[in-house]
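Student: Sequence:
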Amino acid sequence: MSQLAINLSMIFTEVPLIERFALAHAHGFQHVEIQFPYELDISDIRTQLEQYNLSLGLINVPAGDLMQGGNGLAGVPGRELEFHHALELAIEYANALNVPRVNILAGKQPLDADLLPCLNTLSNNLKLACHMLTEQGIEPVIEMINGTDMPRFLVQNIAQAQEMLEAVNHPKLKMQYDCYHMAMMGEDVLTGLQENLHQIGHIQFADCPNRNEPDTGNIPYKQIFDWLLQSDYQGLIAAEYRPKTQSDQSFAWKNKYFSNDVNT
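Heads up: the sequence shown at position 5 corresponds to 5 in the UniProt record's numbering, and the numbers run straight through without jumps.
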């Protein structure tokens, strides 16, 4: 059975991150994910998870300056040591908080760098990440991010992710499949899931093109969720959207699609 999660980095942003755990619980979620939890101490996060009976299903490896418009770490030649340190921090948090899965963001091709060295750097860093994470029982995933929102991102579509999985050649490395990003790239979201499910370790969703909650855009979520709930996918299905109005008014999709089918 699949499990529904909510992303605390993008939802409930009306309050500070430390207060969002309570809101996730109040709205019936048992699983959460946080893009970058490092602004909070491990002990504070653990207290919130225990108090509200939540599990933290996914975090990202720190990505340097990526979210501020920079190039990030994992695919940038010359930043290998920074990536290693970021990976160590992610493992510290994941181990302490029982996080089963960690996402590695590829980062961007710098304007002054050729593509091939960036891809080679990414491949080598992913091999290191796979070794260090799986040694701790943590599953690594890589995410495809569309090139409109993040130009020059090194892994933008399914084909590029498949090529990177093949280059790294580690049995535990899988894709993090974000339905919004795939729709933005012109992929058929449902077909992409159906054809690659065995290589997908984590699923996220938002509608397209505005990245709001389901049924506010053009992604056919009824078909997607119906198929997922009948598939043998065992990972999390995580809401990672920007609420169109208020967060607490954005959950019509939850009762519509998941009320009877998922352990939320």
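It is worth saying that the hints were derived from the structure and are not from the lab. Be aware that a few hints might be false.
Straight-line Cα separation of at most 16 Å, EDC-like style, residue types lysine to aspartate or glutamate; simulated pairs [what the hints assert, rightly or not]:
| # | residue 1 | residue 2 |
| --- | --- | --- |
| 1 | Lys222 | Glu166 |
| 2 | Lys256 | Glu195 |
| 3 | Lys172 | Glu143 |
| 4 | Lys244 | Asp226 |
| 5 | Lys127 | Glu80 |
| 6 | Lys254 | Asp232 |
| 7 | Lys127 | Glu163 |
| 8 | Lys254 | Glu195 |
| 9 | Lys256 | Asp226 |
| 10 | Lys127 | Glu166 |
| 11 | Lys127 | Asp114 |
| 12 | Lys172 | Asp215 |
| 13 | Lys172 | Glu139 |
| 14 | Lys244 | Glu80 |
Across the chosen pairs, the derived CB separations fall in these ranges [said to hold, decoys possible]:
| # | residue 1 | residue 2 | range |
| --- | --- | --- | --- |
| 15 | Asp112 | Gly147 | 15 to 21 Å |
| 16 | Asn53 | Asp112 | 48 to 54 Å |
| 17 | Lys256 | Glu166 | 34 to 40 Å |
| 18 | Ala159 | Pro117 | 41 to 47 Å |
| 19 | Leu97 | Lys256 | 28 to 34 Å |
| 20 | Pro16 | Glu50 | 16 to 22 Å |
| 21 | Gly78 | Gly147 | 36 to 42 Å |
| 22 | Gly137 | Ser231 | 21 to 27 Å |
| 23 | Val15 | Thr148 | 35 to 41 Å |
| 24 | Gly137 | Thr47 | 31 to 37 Å |
| 25 | Ala96 | His131 | 42 to 48 Å |
| 26 | His27 | Glu50 | 15 to 21 Å |
| 27 | Lys127 | Ser259 | 20 to 26 Å |
| 28 | Glu166 | Pro209 | 39 to 45 Å |
Note that the structure is predicted; figures quoted are calculated from it, not measured. Ideal placement from N, C-alpha and C gives every residue a C-beta, glycine not left out.
Student: Compare the structure with each hint and give your call.
Tutor: We went through each hint and held it up to the structure:
1. Annotation: proposed proximity of lysine 222 to glutamate 166 is violated, straight-line Cα distance about 32 Å (limit 16 Å).
2. Taken as a hint, the lysine 256 and glutamate 195 pair is broken in the structure, with Cα atoms around 26 Å apart against an allowance of 16 Å.
3. The hinted pair formed by lysine 172 and glutamate 143 meets the criterion: a straight-line CA distance of about 14 Å does not exceed 16 Å.
4. Distance hint between lysine 244 and aspartate 226 is unfulfilled; the C-alpha atoms sit about 24 Å from each other, more than 16 Å.
5. Of the supplied pair hints, the one linking lysine 127 and glutamate 80 holds, its CA atoms being roughly 12 Å apart against a limit of 16 Å.
6. The hinted pair formed by lysine 254 and aspartate 232 fails the criterion: a straight-line CA distance of about 20 Å is larger than 16 Å.
7. With a CA separation close to 14 Å, the supplied pair lysine 127 and glutamate 163 stays within the 16 Å bound.
8. Between lysine 254 and glutamate 195, the direct Cα distance comes to roughly 25 Å. Violation of the 16 Å bound is thereby established for this hinted pair.
9. Restraint check for lysine 256 and aspartate 226: satisfied, since their Cα atoms lie roughly 11 Å apart, inside the 16 Å limit.
10. Note on lysine 127 and glutamate 166: the hinted pairing holds, with a Cα-Cα distance of about 11 Å set against a maximum of 16 Å.
11. Distance check on the hinted pair: lysine 127 and aspartate 114 sit about 21 Å apart at the alpha-carbon level, beyond 16 Å; violated.
12. Among the hinted pairs, lysine 172 with aspartate 215 is inconsistent with the structure: their alpha-carbon atoms are about 33 Å apart, more than 16 Å.
13. With a C-alpha separation of about 6 Å, the suggested pairing of lysine 172 with glutamate 139 holds against the 16 Å cut-off.
14. The straight-line distance between the Cα atoms of lysine 244 and glutamate 80 is roughly 38 Å, outside the 16 Å bound, and the hint therefore fails.
15. Distance hint check for aspartate 112 and glycine 147: the Cβ-Cβ separation is about 19 Å, which falls inside the suggested range of 15 to 21 Å.
16. For the pair asparagine 53 and aspartate 112, the beta carbons lie near 49 Å from each other, so the given range of 48 to 54 Å is met.
17. A hinted range of 34 to 40 Å for the beta carbons of lysine 256 and glutamate 166 is consistent with their spacing of about 38 Å.
18. The hint said 41 to 47 Å for the Cβ distance between alanine 159 and proline 117, and at roughly 20 Å that hint is violated.
19. Checked against the hint of 28 to 34 Å, the pair leucine 97 and lysine 256 passes, with Cβ atoms roughly 31 Å apart.
20. For the pair proline 16 and glutamate 50, the beta carbons lie near 19 Å from each other, so the given range of 16 to 22 Å is met.
21. For the hinted restraint 36 to 42 Å between glycine 78 and glycine 147, the CB-CB distance of approximately 23 Å leaves it violated.
22. Taken as a hint, the range 21 to 27 Å holds for the pair glycine 137 and serine 231, whose Cβ atoms sit roughly 25 Å apart.
23. The hinted range of 35 to 41 Å is not satisfied by valine 15 and threonine 148, whose Cβ atoms lie roughly 30 Å apart.
24. With their beta carbons about 23 Å apart, glycine 137 and threonine 47 fall outside the hinted range of 31 to 37 Å.
25. In this structure the hint that alanine 96 and histidine 131 lie 42 to 48 Å apart at CB is violated, the actual value being about 20 Å.
26. Histidine 27 and glutamate 50 have their C-beta atoms about 19 Å apart, which keeps the hinted 15 to 21 Å range intact.
27. Separation of lysine 127 from serine 259 is about 42 Å and departs from the stated range, judged on CB atoms against 20 to 26 Å.
28. At about 31 Å, the beta-carbon gap between glutamate 166 and proline 209 misses the expected band of 39 to 45 Å.
Taken one by one, the earlier hints fail for this structure at numbers 1, 2, 4, 6, 8, 11, 12, 14, 18, 21, 23, 24, 25, 27 and 28, listed in ascending order.
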